[in-house]
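K.L.:
Sequence:
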Amino acid sequence: MKPQIVAALLLLLVCAMVSIHPVVGGKKRPRCTEEDNANVLKECGHYTRHGHPKELPHKHSPCCKAVEGHDMQCIVDLLTKDERGDYEQAAIIALEEACD
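As numbered in mature numbering (1 follows the signal peptide of the UniProt record, and there is no 0), residues -25 to -1, 1 to 75 make up the sequence shown, in order.
No lab work stands behind these hints, which were simulated from the structure alone. Values in this document were obtained by computation on a predicted structure and should not be read as measured data. All clues given are correct.
Here are the simulated distance ranges between beta carbons: (1) 75 - 24: 19 to 25 Å; (2) 54 - 31: 17 to 23 Å; (3) -24 - 68: 49 to 55 Å; (4) 68 - -22: 47 to 53 Å; (5) 55 - -25: 54 to 60 Å; (6) 37 - 61: 18 to 24 Å; (7) 68 - -23: 48 to 54 Å.
With a cut-off of at most 30 Å between alpha-carbon atoms, the simulated DSS-like pairs for lysine-lysine come out as follows: (8) 29 - 40; (9) 29 - 56; (10) 17 - 56; (11) 17 - 40; (12) 40 - 56; (13) 17 - 29; (14) 34 - 17.
Yeah, the Cβ is synthetic: ideal placement off N, Cα and C, and Gly gets one too.
All chains should be built: construct the whole structure from the sequences, respecting the hints.
P.N.:
Structure follows, in structure tokens:
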């Protein structure tokens, strides 16, 4: 191979290795556990159950303390089939911004 092609391929390889991978890059999502899920549902159930009034928790409420530091999409991903029937997924995700 020509030296220019080798140099170009090496440069491309270095750039690919150094750049942030789109799946990994951006906001790093903290992991959540079943215990986190249960705590959020316990403390925030009033705000997230189907059919309940659409009100937001106060920033210093037990709900917001349960939400603090957790990715609500991760919490939603851990919901069981029964919990998905009881709780509004969009309302759970909205807690992250409401408590921020």
